[in-house]
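Colleague: The primary structure of each chain is shown beneath.
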Amino acid sequence: MTVTPASGRPADVPELDSAAIRADFPILSRRVNGRPLVYLDSGNTSQKPRQVIDAMAEFAATHNANIARAVHTLGTEATEAFEGARGKVAAFVNAPSVDEVVFTKNSTEAINLVSYAMLAASLGRGGDPRFALGPGDEVVITEMEHHSNIVPWQLLCERTGATLKWFGITDTGRLDLDATEELITERTKIVSFVHMSNILGTINPTARIVRRAREVGALVLLDASQSVPHLPVDVSALDVDFMAFTGHKMCGPTGIGVLWGRGELLSVMPPFLSGGSMIGTVTMEGSTYAAPPARFEAGTPPITEAVGLGVAVDYLSALDMRAVQWHEKELAGYALAALETVPGLTILGPRVPIGRGGTISFDMEGIHPHDVGQVLDSEGVQVRVGHHCAKPVCARFGVPAATRASFYVYTTTDEIDALVAGLEKTRKVFG
Amino acid sequence: MLDELYQEVILDHYRDPHGRGLREPFEAEAHHVNPTCGDEITLRVHMDGDRVADVSYDNVGCSISQASASVMYDLVHDKPLADAMSTLESFSELMTSRGGIEPDEDVLEDAVAFAGVSKFPARVKCALLSWMAFKDAAVRASGSQQIGEGR
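So the sequences go chain by chain: L and G.
Once you know that position 119 of the first sequence is 119 in this note's numbering, the rest is easy, because the numbers rise by one and skip nothing.
Once you know that position 142 of the second sequence is 142 in this note's numbering, the rest is easy, because the numbers rise by one and skip nothing.
No incorrect hints appear here.
BS3-like mimics (lysine-lysine), calculated; alpha carbons at most 30 angstroms apart, straight line:
id: 1; chain 1: G; residue 1: Lys125; chain 2: L; residue 2: Lys425
id: 2; chain 1: G; residue 1: Lys125; chain 2: L; residue 2: Lys428
id: 3; chain 1: G; residue 1: Lys125; chain 2: L; residue 2: Lys391
id: 4; chain 1: G; residue 1: Lys119; chain 2: L; residue 2: Lys428
id: 5; chain 1: L; residue 1: Lys425; chain 2: G; residue 2: Lys119
id: 6; chain 1: G; residue 1: Lys79; chain 2: G; residue 2: Lys125
id: 7; chain 1: L; residue 1: Lys425; chain 2: L; residue 2: Lys391
id: 8; chain 1: L; residue 1: Lys165; chain 2: L; residue 2: Lys391
id: 9; chain 1: G; residue 1: Lys119; chain 2: L; residue 2: Lys391
Covered stretches of chain L, going by a simulated chain G footprint (3 or more residues, C-beta under 8 angstroms):
id: 10; region: 373 to 382
id: 11; region: 387 to 399
No lab work stands behind these hints, which were simulated from the structure alone.
C-beta atoms are modelled at their ideal positions from N, C-alpha and C, and glycine is treated no differently.
From just these sequences and the hints, can you work out the full model?
Modeller: Listed below in structure tokens is the structure:
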């Protein structure tokens with residue numbers, strides 16, 4: 001295989017056509033505070049291409065109906081559109097079966113779905129013993145998690161008497177995997193960890209954790225909220241049991257997320273939310289439950305949003321996720337080098353574009369991230385500031401908050417130059 | 001727009017804060033955080049009768065929240081509690097005005113510089129953090145003192 005000399009991008013991985021991609025995103029042509037918009041907050045939520053916006057409007061204008069219960073034409077069309085989106089999402093992450101894709105509200109709900117199902121099993125309310133835990137059992141997470149992959153497990157442990165343990169982070173922003181064998185033991189019921197950190201940008205290797213979890217019979221949940229939008233993710237190859245991700249970070253709309261679960265496990269997992277659409281039969285004495293994924297999709301789901309997510313997946317697939325990954329790897333390399341030239345700037349997390357994505361957080365000596373973000377905004381540059389819902393990571397690196405720039409398919413090196421220029425202005429204001 | 005937010009008087013208070021540091025004695029201490037950005041303040045109030053004898057504080061946060069604490073210190077320490085509370089009300093009113101009211105410099109002194117902040121909804125809570133901590137601690141400090149006097 002020949003490689004391009006600059007970044008190491010394999011010759012069979014195409015280069016993204018930034019100009020053509022940017023033309024697909026209407027919002028990118030607007031101005032902010034009199035300046036061209038420089039959107040560097042895609043790790044928070046991505047922008048939506050015209051294709052997604054149009055598909056959702058077209059669905060609402062011509063096919064709208066509730067799903068799975070109507071015999072009429074519109075109901076059939078809506079059901080086909082909704083289930084078609086499920087099929088696209090399943091193919092996108094190489095799920096063995098379309099029935100393993102459960103639509104949720106977001107990643108947070110996807111993770112809570114598993115933690116609450118485990119709570120139900122722990123109370124003896126149905127389900128397989130693999131989901132039940134109590135005093136003496138353990139849950140393993142990491143210090144690198146978003147709050148949405150910490151708090152549900154804290155609650156589950158509080159309510160069942162189980163113990164929460166976690167991997168630490170090294171000084172270079174990697175998981176300390178040397179603790180794997182010590183942390184994950186026969187007492188471990190589930191290991192839940194992040195694929196790509198929303199603050200450090202680190203992409204965590206999964207093999208060692210998964211292998212150890214298999215050895216001891218623990219379940220594995222992967223929080224792929226930041227990885228599925230940015231790199232090829234194959235659940236079959238990863239060999240995890242559950243994976244959570246969300247539509248709005250991958251060119252899709254808000255209001256729809258995904259829990260992928262191994263079919264064999266979903267089929268013996270107790271329900272979380274209950275009500276319409278998730279039942280087999282209902283009598284006043286009791287109910288039976290539908291097979292997955294319906295069992296976990298009580299009530300009218302986000303139908304229009306599913307249609308939008310399906311088109312977002314088409315859009316990303318057409319770009320080629322390998323090309324997306326390399327585009328961001330090249331941007332990360334460019335940005336890391338450019339940011340290192342800013343006096344007083346310290347990067348949190350990996351300082352080389354290896355094993356990391358295009359999400360870069362940093363500290364400006366003596367200048368609070370709120371002030372950094374405010375000055376950048378005055379230049380049209382939109383970054384996230386604060387603790388990024390990952391306070392333990394901030395604490396680990398001794399900062400109360402950080403500034404984060406996160407890239408996506410439409411990000412250009414010119415925008416990174418605008419960020420660096422904005423940081424120079426910030427230094428002038430607060431110098 | 002940016003100059004309106006970061007007025008020179010705000011940057012001066014940020015670079016050289018007045019009254020900073022935790023001091024004894026005190027009757028009440030409050031710890032307030034801004035959960036969206038992680039800004040924090042620990043603030044103590046020492047009452048002498050109905051006079052705010054001292055306000056001492058330790059804080060981390062942005063220029064707006066730090067400058068606001070410094071300006072507040074100037075406005076409330078060594079003042080009758082009723083006057084301090086009245087100033088607090090004027091400042092709260094200014095901050096929630098979205099730029100709609102002309103601040104009274106006789107009452108708010110350096111705090112009039114925060115009028116520009118009220119046009120940035122995301123930053124209003126930064127400016128109010130120390131004032132809310134003061135309100136909390138002052139109410140408890142004056143309450144505990146009255147109970148003490150009643151014995």
